[in-house]
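K.L.:
Listed here are the chains, written in short residue letters.
2 protein chains.
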Amino acid sequence: MIMTILKNVRPMGATATDLYIADGKFADSADGDTIDCGGRILIPGLVEAHTHLDKSLLGLPWYRNEVGPRLIDKITNEREVKVSLGLDPQVQSERQAIQSMAYGTTQIRSHVDVDTHHGLAGIEGVMATREKLKGYVDIEIVAFPQSSMMPRPGTVELMDEALALGADIVGGIDPCGIERDPKGHLDAVFRLAEKHGKPIDIHLHERDAMGGFSMEEIIARTIAHGMQGKVTISHAFCLGAPDRDYVAGLQEQLAENRIHIATTAPASAPAPRVKELAELGILTCGGNDGIRDTWGPYGNGDMLERAMFIGLRNNLRRDDEVELALDICTYGGAKVMETEGYGLEIGCHADCVLVEGETLAEAVALRAPRKMVMKAGKIVAQDGKAVIKAP
Amino acid sequence: MIMTILKNVRPMGATATDLYIADGKFADSADGDTIDCGGRILIPGLVEAHTHLDKSLLGLPWYRNEVGPRLIDKITNEREVKVSLGLDPQVQSERQAIQSMAYGTTQIRSHVDVDTHHGLAGIEGVMATREKLKGYVDIEIVAFPQSSMMPRPGTVELMDEALALGADIVGGIDPCGIERDPKGHLDAVFRLAEKHGKPIDIHLHERDAMGGFSMEEIIARTIAHGMQGKVTISHAFCLGAPDRDYVAGLQEQLAENRIHIATTAPASAPAPRVKELAELGILTCGGNDGIRDTWGPYGNGDMLERAMFIGLRNNLRRDDEVELALDICTYGGAKVMETEGYGLEIGCHADCVLVEGETLAEAVALRAPRKMVMKAGKIVAQDGKAVIKAP
Numbered sequence: 001m002i003m004t005i006l007k008n009v010r011p012m013g014a015t016a017t018d019l020y021i022a023d024g025k026f027a028d029s030a031d032g033d034t035i036d037c038g039g040r041i042l043i044p045g046l047v048e049a050h051t052h053l054d055k056s057l058l059g060l061p062w063y064r065n066e067v068g069p070r071l072i073d074k075i076t077n078e079r080e081v082k083v084s085l086g087l088d089p090q091v092q093s094e095r096q097a098i099q100s101m102a103y104g105t106t107q108i109r110s111h112v113d114v115d116t117h118h119g120l121a122g123i124e125g126v127m128a129t130r131e132k133l134k135g136y137v138d139i140e141i142v143a144f145p146q147s148s149m150m151p152r153p154g155t156v157e158l159m160d161e162a163l164a165l166g167a168d169i170v171g172g173i174d175p176c177g178i179e180r181d182p183k184g185h186l187d188a189v190f191r192l193a194e195k196h197g198k199p200i201d202i203h204l205h206e207r208d209a210m211g212g213f214s215m216e217e218i219i220a221r222t223i224a225h226g227m228q229g230k231v232t233i234s235h236a237f238c239l240g241a242p243d244r245d246y247v248a249g250l251q252e253q254l255a256e257n258r259i260h261i262a263t264t265a266p267a268s269a270p271a272p273r274v275k276e277l278a279e280l281g282i283l284t285c286g287g288n289d290g291i292r293d294t295w296g297p298y299g300n301g302d303m304l305e306r307a308m309f310i311g312l313r314n315n316l317r318r319d320d321e322v323e324l325a326l327d328i329c330t331y332g333g334a335k336v337m338e339t340e341g342y343g344l345e346i347g348c349h350a351d352c353v354l355v356e357g358e359t360l361a362e363a364v365a366l367r368a369p370r371k372m373v374m375k376a377g378k379i380v381a382q383d384g385k386a387v388i389k390a391p
Numbered sequence: 001m002i003m004t005i006l007k008n009v010r011p012m013g014a015t016a017t018d019l020y021i022a023d024g025k026f027a028d029s030a031d032g033d034t035i036d037c038g039g040r041i042l043i044p045g046l047v048e049a050h051t052h053l054d055k056s057l058l059g060l061p062w063y064r065n066e067v068g069p070r071l072i073d074k075i076t077n078e079r080e081v082k083v084s085l086g087l088d089p090q091v092q093s094e095r096q097a098i099q100s101m102a103y104g105t106t107q108i109r110s111h112v113d114v115d116t117h118h119g120l121a122g123i124e125g126v127m128a129t130r131e132k133l134k135g136y137v138d139i140e141i142v143a144f145p146q147s148s149m150m151p152r153p154g155t156v157e158l159m160d161e162a163l164a165l166g167a168d169i170v171g172g173i174d175p176c177g178i179e180r181d182p183k184g185h186l187d188a189v190f191r192l193a194e195k196h197g198k199p200i201d202i203h204l205h206e207r208d209a210m211g212g213f214s215m216e217e218i219i220a221r222t223i224a225h226g227m228q229g230k231v232t233i234s235h236a237f238c239l240g241a242p243d244r245d246y247v248a249g250l251q252e253q254l255a256e257n258r259i260h261i262a263t264t265a266p267a268s269a270p271a272p273r274v275k276e277l278a279e280l281g282i283l284t285c286g287g288n289d290g291i292r293d294t295w296g297p298y299g300n301g302d303m304l305e306r307a308m309f310i311g312l313r314n315n316l317r318r319d320d321e322v323e324l325a326l327d328i329c330t331y332g333g334a335k336v337m338e339t340e341g342y343g344l345e346i347g348c349h350a351d352c353v354l355v356e357g358e359t360l361a362e363a364v365a366l367r368a369p370r371k372m373v374m375k376a377g378k379i380v381a382q383d384g385k386a387v388i389k390a391p
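Residue numbers (my numbering), protein chains in the order written: chain H, 1 to 391; chain R, 1 to 391.
By construction, these hints were calculated from the structure, which means they are not laboratory data.
Bear in mind the structure is a predicted one, so any value in this text is a computation, not a measurement.
Where hints are given, some of them may not hold.
Since the list can't tell identical chains apart, any single copy or any two copies may satisfy a pair.
[What the hints assert, rightly or not] Straight-line Cα separation of at most 30 Å, BS3-like style, residue types lysine-lysine; simulated pairs: (1) K25 - K385; (2) K371 - K389; (3) K195 - K275.
This is chain H alone, in the form it adopts within the complex (with noise of 0.2 Å):
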């Protein structure tokens, strides 16, 4: 059994203290090797609740972007062009998978193209980055029908193959704004979720009164079905309308059904307000979504920059409410992945990270190299870089 003692840490930014870890998990003591944290601030591992491993160009050659500006010019543009690039999802969620676990992320939700064009050839490859990265990041796999379902026939039975093959979640897209069939769409999504009895999350761009229509056909058939706890909708741009009333009633419902929100608090599109999410009790998780791929170049993986912009979107300046930024990034995402032992209590899966700053909000501003990285108790990053290397 493998014992280790934190030395001179700070847990979530309290007073220097040992932790000990044993078997992987926080213990109340440990013999073995010492680890002195120069009075460090550790944090629960990253929560990555939001992202698209199988798609990342991390690695390869610059792409120039010069795709069009809708929706779904990027969707059609991606799909052609990962053939053209020869893009292979197992190496490229490696290295995305990888270059997260530097930047402290210790679990990820991903969502994974299935269409009739690739087939299963992103789940496989993710499938097969789970497995690799075992004992270093975990993976959660999320069927994700990004060129749409309804109007590509032969979509739902790939959803389908995927959730029997080992993709852990269902996911959807703009029942309205993509499906053109919303109906059609969520029943699918539900059906599949029953027979599978897997969770759902699903994308909403959707805006104002349209995404609301989708959001309230999701909230109807989460009853329908008892999968109160059991559905997330990811980005939820409707929730950050300007008529904040018609916002609430959407807001209520979601929190009587305990349907949870991913946000990636983009500077550019309208964002629920995790403040409001809060005090109702919805529990939201952030993502960094698309990390440098076919959409645009942004994105590194660091799941601190992320709790920075949500920050920053949310206009979270005291440090109270940064606090609350990093909560989403780290508890909020454990909690929608419904992540067992997830914490620094003792019994707790010893998943963390040593991170630089006097306090939890000044580890945010700052965003500076992990000084350490453990899952279950093994350090797997040092100083901003991974131990093992990425293909």
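Given the coordinates of chain H, assemble chain R onto it according to the supplied hints.
P.N.:
Okay, now just chain R, sitting in the frame of chain H:
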């Protein structure tokens, strides 16, 4: 005469070539030391065109922010906290300027507080830093009535003194929202500009119609005083208003009268649309605004990061669009500041930055530590570290 050869360098991402520096300027030939640039991209020095050097808290113990939500809460809090923290504007401005330099900034426009509480302490402090850092980074000083001018008797006189002492530019602030006297405030600002023969840079956070009203009053006085090309409006949140027809009318007048816009591209406020401004030929510059101060914990002085923020806020994804964001943080700032000899052409000052990345867009997306920063042909930072130490 110091001469240098930059070998294997890609100016603005072009094919690799050699560049020559003689007597602080790019030249068509030179002997002297050779610096191998390893095929990296060279850009002209980054321009920080809107910040507040006098009041960053860099280098101080963490300041726990518990400030209220209104603009006036932040202004009042800051005026008082400056005293309790014993903030020294000289030391703080030197700290921030050196950090900016390490990130590749070669010239800074800083608004500096002038108020009846602190008098000209800020101006004197930043002027001392400007002297101290001569040859490392250029600093332009805006006399800035942060705490308002009209409601606080004695402030106009202090502004007058600041401009006589050495401030380069007349500042101003929300003529309605803060000053509560748009006519009085703007008349005073333009009178000071006329008296001292200096340009104007006004903070305008006011939104929608109120901001539009103040903007029209600024435009009217720009015309009346013949100050076309000499007035900058910082923030200009009203240009991000949803009523695009109304905004188009404002923008037309800005273009006609060569009034410039400085943007920080805030994620949580309406912001000028930089593509529209560029199409209309309105000069636009970028700034980091306050860096880690009593207003908020974020910021590090990196203008490549600011280019990314401009990209994210304006949904700039295509390579040509990301290049626009970078242009705002380089040439845009230099044009607004009327910097002579800015650029990489022969005869220009050798103020330049060697950045990582295959393309300009990648340089922005990566924001890797700057390989080398030069001011007038002298190396002032290397591998992300300034050659001089901050106090």
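K.L.:
Now tell me if each hint is right for this structure.
P.N.:
A quick look at each hint next to the structure:
1. Taking the shortest alpha-carbon separations for K25 and K385, only the intra-copy value of 23 Å comes in at or below 30 Å, while the best inter-copy value is 39 Å.
2. Proximity of K371 and K389 under a CA criterion of 30 Å is satisfied in both settings, with 18 Å inside one chain copy and 24 Å between copies.
3. In the homo-oligomer, the alpha carbons of K195 and K275 never lie at most 30 Å apart, since the shortest distance is 35 Å inside one protomer and 48 Å across protomers.
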